[in-house]
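Asks: Residues 5 to 363 in my numbering are what the sequence shown spells out, letter by letter.
Calculated directly from the structure, the hints in this document are not laboratory data.
Nothing false has been slipped in among the hints.
Calculated pairs, PhoX-like style, for lysine-lysine (alpha carbon to alpha carbon, straight line, at most 25 angstroms):
1) LYS228 with LYS361
2) LYS141 with LYS128
3) LYS136 with LYS81
4) LYS327 with LYS197
Predicted model, so just to flag it, every value in this text is computed and none were measured.
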Amino acid sequence: VMTMSLFGGFAGDSMLLVKDSGWILGKILAGTPTWIQNAGFAWLLSLVPLSVLAYFGMNNLNTVTPHSGGTIAAFLKIIWLYTLSFVPAGLGLYLYLPAPTGLGVLNMWLAMPLIVISTLLVMKLAAFGPMKENIAKQFAIFKNKHTWSLTLLYIVTFGSFIGFSMALPLSITVIFGISHVPDAAGVMQHTLKNPHAPSALTYACIGPFLGALVRPIGGWISDKIGGSIVTQAISAVMVLASVAVGYVMLLAYGSATPEQYFMPFMALFILLFTASGIGNGSTFRTIGVIFDRTQAGPVLGWTSAIAAYGAFIAPVVIGAQIKAGTPQIAMYGFAIFYALCLVLNWWFYLRADSEFKNP
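Start from the sequences, fold in the hints, and give me the full structure.
Replies: Here it is in structure tokens:
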């Protein structure tokens, strides 16, 4: 995207903006021509400071990986492992997607475990030389029960954060962008555009921004009072907030003027993002306390990878329930999951005779 302008006409023609943009960075009116090169400015502002920080700060490579074998060898290893992961991922996706794109023989809950397990199996079998020893050391984390408990807790925090980041624009567009009115037979219809609909582009970034902003605060508080007690508190908040969001969704999806429920909806979602951001910091701290330095990295990588499925699960679940006419059921389901993980967190890390007390 950043280099498209170098190719001139090969970058393609402009496209007209269909809707007004958000107002935070300056409103751009619908009908304005836009080019793909414009996206490069956003990447430029992000990547230049990151490149500077990486140059001065990422100087511990020889300590972390003393036998990387040089730049070319390291990149070949990375490409090899990525290639191994793409094969089972592509196969799982093909089995999941409906025809004609795929076979559609697996649902989401079967396809995801299949992809994860097959990827791990392929990586273990295909590793060679020093990679084989490193893979064996990393796979040792799966014998530890705390890997599994913290995977679930990381789904609550990071998984919810990234999942709701994807699901919030969908919810704003479908629930509040439509006037929900019954037809002559009394059947609720969801096709009439709401002229007073809030802009998803304007509000969708607020929650993720606040969630990312408070993450260091979660880590700081956890250093003071313990990570698990913070995780317990935010889990309770997320249970209540999810139920409340579900109820607001129920009211909005049955109203001809859903915009009247938008501010409570947005406030509750901001609460969810804030709680998940703080919890992301607390669970991160807990992992660092429980696991030694050799296992903390692999555990963080594993829990983050699994929790990242939240970006796929949350919008799919909410979208399916919206299609069924019951968007609130998705949020009630999330609330039940948070409640179960609240009990899990207490059992492993807060009860009197737990192996690790409030790590």
